[in-house]
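Place chains B, C, D, E and F on chain A using the hints.
Number of protein chains: 6
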Amino acid sequence: MTPETRQRLKQVSTATLTTVLFKRGLRNVFIQGIFLLNRAAPRMVGEAYTLRYIPAREDLDQLGAFEGRGHPQREAIEACPPGHVLVMDARRDASAATGGDILMTRLMVRGAAGIVTDGGLRDTPTIEKLEFPVYCAARSAPLNLVRHHAIDAQVPIGCGGVAVYPGDVLVGDGEGVVVIPAKLVDEVAPEAASQTEFEDWVEVKVKEGRSIFGLYPPNAETKAEFEGWKKSRK
Amino acid sequence: MTPETRQRLKQVSTATLTTVLFKRGLRNVFIQGIFLLNRAAPRMVGEAYTLRYIPAREDLDQLGAFEGRGHPQREAIEACPPGHVLVMDARRDASAATGGDILMTRLMVRGAAGIVTDGGLRDTPTIEKLEFPVYCAARSAPLNLVRHHAIDAQVPIGCGGVAVYPGDVLVGDGEGVVVIPAKLVDEVAPEAASQTEFEDWVEVKVKEGRSIFGLYPPNAETKAEFEGWKKSRK
Amino acid sequence: MTPETRQRLKQVSTATLTTVLFKRGLRNVFIQGIFLLNRAAPRMVGEAYTLRYIPAREDLDQLGAFEGRGHPQREAIEACPPGHVLVMDARRDASAATGGDILMTRLMVRGAAGIVTDGGLRDTPTIEKLEFPVYCAARSAPLNLVRHHAIDAQVPIGCGGVAVYPGDVLVGDGEGVVVIPAKLVDEVAPEAASQTEFEDWVEVKVKEGRSIFGLYPPNAETKAEFEGWKKSRK
Amino acid sequence: MTPETRQRLKQVSTATLTTVLFKRGLRNVFIQGIFLLNRAAPRMVGEAYTLRYIPAREDLDQLGAFEGRGHPQREAIEACPPGHVLVMDARRDASAATGGDILMTRLMVRGAAGIVTDGGLRDTPTIEKLEFPVYCAARSAPLNLVRHHAIDAQVPIGCGGVAVYPGDVLVGDGEGVVVIPAKLVDEVAPEAASQTEFEDWVEVKVKEGRSIFGLYPPNAETKAEFEGWKKSRK
Amino acid sequence: MTPETRQRLKQVSTATLTTVLFKRGLRNVFIQGIFLLNRAAPRMVGEAYTLRYIPAREDLDQLGAFEGRGHPQREAIEACPPGHVLVMDARRDASAATGGDILMTRLMVRGAAGIVTDGGLRDTPTIEKLEFPVYCAARSAPLNLVRHHAIDAQVPIGCGGVAVYPGDVLVGDGEGVVVIPAKLVDEVAPEAASQTEFEDWVEVKVKEGRSIFGLYPPNAETKAEFEGWKKSRK
Amino acid sequence: MTPETRQRLKQVSTATLTTVLFKRGLRNVFIQGIFLLNRAAPRMVGEAYTLRYIPAREDLDQLGAFEGRGHPQREAIEACPPGHVLVMDARRDASAATGGDILMTRLMVRGAAGIVTDGGLRDTPTIEKLEFPVYCAARSAPLNLVRHHAIDAQVPIGCGGVAVYPGDVLVGDGEGVVVIPAKLVDEVAPEAASQTEFEDWVEVKVKEGRSIFGLYPPNAETKAEFEGWKKSRK
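Protein chains in written order, with our numbering: chain A, -5 to 228; chain B, -5 to 228; chain C, -5 to 228; chain D, -5 to 228; chain E, -5 to 228; chain F, -5 to 228.
Just so you know, these hints were derived from the structure itself, not from any lab. Heads up, some of the hints might be wrong.
Which copy? The list can't say, so a pair holds if one copy fits it or any two copies do.
Restricting the straight-line Cα-Cα distance to at most 30 Å, the calculated cross-link-like pairs of lysine-lysine (DSBU-like) are [said to hold, decoys possible]: (1) Lys123 x Lys199; (2) Lys17 x Lys123; (3) Lys201 x Lys177; (4) Lys123 x Lys177; (5) Lys201 x Lys224; (6) Lys201 x Lys123; (7) Lys199 x Lys177; (8) Lys217 x Lys123; (9) Lys17 x Lys177; (10) Lys224 x Lys123; (11) Lys199 x Lys225; (12) Lys4 x Lys123.
Okay, chain A solo, but in the shape it has when bound (with noise of 0.2 Å):
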């Protein structure tokens, strides 16, 4: 992802996504189930470090299994590069939490670009002040030994119905994330940037009253206006 991709995506949402990706024939690209836990977070851009979890085992998982560097949540946590987004699979269930404050805060410090899971966060009141983007599937106290058992990191996982491989650009915005296959990332940046140019001018004109037929999508004389208005603006 060059800097320049990096910089566009931050500026369109992921509904406007979902559109260019559509034009390729990618239908499933919505993380589904999550929600953005702080909201006063910035954008969220960056390349997908995966975590896997399985079903917990009473006999495996007890305290102790964090103790030592083996622990794989624990390693992926000091791991995930700066500028890219931890992705957990939890298997879609958040009856437990695959993460709290103390974590969450350490990725932010590392600098993360923020965090998504669908399964549960643990210790919400303090993760949803933090200006970092976190994504979970529920507020959920029980820790993950519960349910959830972390087994490796950087394999190609799910996520909410999405298929993410390692490298694959998350973007987050309010309403949710998006996946962006990595080999697409450079040219569906500037043609969402494009068309997020385009629906902003046509909002202005909705506002003021314009009918959305013709204008949404655009007949051959919008397209003339829009052309003519953006030339006007440089």
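Positioned in the frame of chain A, the structure of chains B, C, D, E and F alone reads:
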């Protein structure tokens, strides 16, 4: 619906309306699984203008479908009369949108009373700032073509598990939306207004420390006390 | 529950409590599927006073059912002792209410510590303004008679998938509600308070840039550092 | 329930019973989400003997719980009177069993009319061979202690979303189970028998090629024809 | 649909049809959540005749609704042409029936090809003995008035999550039902027949011990072998 | 797993195994939401060979994906060792298949002990006739590419909510499938065999009319009686 009825319905809660309709044998009048997106919106009262979606089919539901005048969703946005509520049947599937900010804004500018969908909406960070009542089942970025195909308008539909016939009256507050059969609306409104006046008085008594026994529901003594209070106010 | 325990429990999170209970083999202590309606409410700590609903039956559940003294829901509102939490088992069915603003206000005035239901509540726009902890599964306008029949009080129940025995202690914060078995509460509270002190210190260290390796969970060195810090504060 | 009523109910379908109860305003009488495990079983008719489960708690629900006489599930197996149906409220959670083959066999030997649970059952490959009506929500091997705690018997319960009061009459066929309020059973049975006689006659006419218009529901001419046919049979 | 197409479709599986439609970009063609009630039934092939239900409303949906000729469900039973499949949209709600044995028998006698509903059916112990393909979502005794209101016929609908337009061709086997868009049916049938011939040959080879590598999907050598085998049979 | 263990496990039920594992603190060992497709199959016992799916992505999951040797699903079919069970993690999504008759037949011919998937299977009318244990979550015609992407094999997975590590032992009967951690299997098998012998004896006693009090669980007297009976048989 008389203007007086419309005015009264703006001052009663959906909770009170379900009680008044229950007395007439109607138990299933509250649209399930939706929420008010823009909490600064005024109370919603208006007649139903309905739109029905069926599942999308990949060969029919391409971006070109929106072009020209014939698309039922775009037609409905321009046809829904002022003072009416656009009600969408999306089969309670919120994994894709049934509309976005441009369409919502156009509806508002045209004088609609509000919109209710049991599917998703996109561009919700923008929509939630409109001073216009918008109810949906989820914030959902994917465009409708991914999942929904608008098929016809002004037919009886289901929305959130409730029957909605064109012309039924929808009332919405911060709790949700109630559907009142058209033929009942002028008798329901004054009864709900009376019930509201009584419950407001009860609330004051409860805050003063009165037990609910004999008060709510009222015994003969309480009824007399309330009637006396009402007279004293005039 | 000693006054000291009550005080301590007001200062620990539900997340920390699930960890302390997990150490004792209890994995299912967090009530699933509910949320705090009135976010300005104080922390909730209190003994459970339980109320059980079964499905409604049309011939029994008419408006007249509330009249007289015998209705279990109304009885429970007047019987729940000060400092206790009214906990309702509505079979996780939130398609109708299990109470409304008048009952919630009466509970608050009577000195209850809060209320938890795995069903719906009505009049939520009013309830959410009370400075009183109210947890429910949904905003739901329909009166309880549509779906629920209050049947008995102070029996063991399930609430949001968790066993609640009368006298168990419920603790609620912005994340949700944990159920502590009565016999464990006086040993759980100080342990949770200690754990909270440690985690608050960890949070500071993480904000200063410390890695979580060796810190959380702590190795011997970290434990010594924390003990030193604790001594230095006294 | 008179012996004549019991006999009649063995010859009518659950479908017909829902219609007869619907005429009396009862819409929610069919237990949802269960199936007949042993399809060679006789029709089931009997009064409800109820058993209630709440969620398990790890410290209480260990194998030792079954020892001695006090365990409510074991008590219920030995206490359910001959001719009665044991009805279990397992909160519609079928992820663990609420009984197994030994208990089902004991019930059968004791002369019970059948058993209905909205939880799971274990040892179903053995149970399904009994000539005894057993209805459950799933084949589920885990012992009840994993999820369920038997708490009390002969209290009103919910089963599969339907209210069941001790003494209500349960009727089961290959389709499922209907709950008839005790006070209605002697009037419902003959009406259902008459309706069955009429529908059997209609079925013959339809097989002969008759249109359903005027036949089902019957117009005056059809009613007369049916009455004539009934007389001709005597 | 030509007679030859109809004949071919009776000899291919729904699995094979989903593959042939997938090649044309159609991914959502298998009706979800239904099963074949009468497993001795012949294969089902026929054009869709559609019926749409909305939620019931207590004042409209009383037993009298079936009287006279106007009731859409009864009309549909008498209007569905021979060789067609009656397809019902019950909003995937199987808690009540959308038909019973008399209506199913009438449909069969009239020469319909089968029936598909994403709601429940009643009298299933009788229906399952008919030699007629009947697919539903559940055995469900309650009459349709409890939950469903038949509203119109021969409009596009959703059934089990799939779009069904009047005239589309439905094919059913023991696995379920596939919907083929009307315009594609004559090209899909021969392709599916060829694919079936190949897969039957593969099945024989696999039973003989052949590895699936190079066989399924076939490499050039396997393709040649299969073509040779086909020629040798003529 | 010793040959003796394998033999013993073929003679115990999944219900008994859950009890024996419960004694060791393992509560979540029964795969939820699946059923045995081919009921004439022999009992299933074998070590887990795992396959993991993630959600499909339209650009990657085209029919060409199966060509060549690299496709993980096809590789797994050819790599699963004789005596092992192929266990598939399809994220509990059964709206598309994870395999069909050709692959199942190949597995059987290769000597696998069975297959378990928490997704769908296609060609089930053919598969159900194989004398080979096949467990799935639904009959589902759509090819896997519609929803699933096979990603890797022999990694720890979740299946039906249960953790499965490669080498764990899966035991299946007509009720479902239990997962036994590899390290426990040789101690669990004899204990389950003993428990089975006792319960078979209890079943006889219950059929003779014995009360379950003191019998199940057994008191000292019953234990002595059973031990005597065992000795008398030798």
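Hint-by-hint comparison with the structure:
no., hint, in the structure
1, Lys123 x Lys199, "between (37 Å within a copy, 18 Å between copies)"
2, Lys17 x Lys123, "between (37 Å within a copy, 29 Å between copies)"
3, Lys201 x Lys177, "neither (37 Å within a copy, 35 Å between copies)"
4, Lys123 x Lys177, "neither (34 Å within a copy, 35 Å between copies)"
5, Lys201 x Lys224, "within (19 Å within a copy, 46 Å between copies)"
6, Lys201 x Lys123, "between (34 Å within a copy, 14 Å between copies)"
7, Lys199 x Lys177, "neither (35 Å within a copy, 39 Å between copies)"
8, Lys217 x Lys123, "between (43 Å within a copy, 28 Å between copies)"
9, Lys17 x Lys177, "both (15 Å within a copy, 24 Å between copies)"
10, Lys224 x Lys123, "between (39 Å within a copy, 27 Å between copies)"
11, Lys199 x Lys225, "within (17 Å within a copy, 53 Å between copies)"
12, Lys4 x Lys123, "both (21 Å within a copy, 20 Å between copies)"
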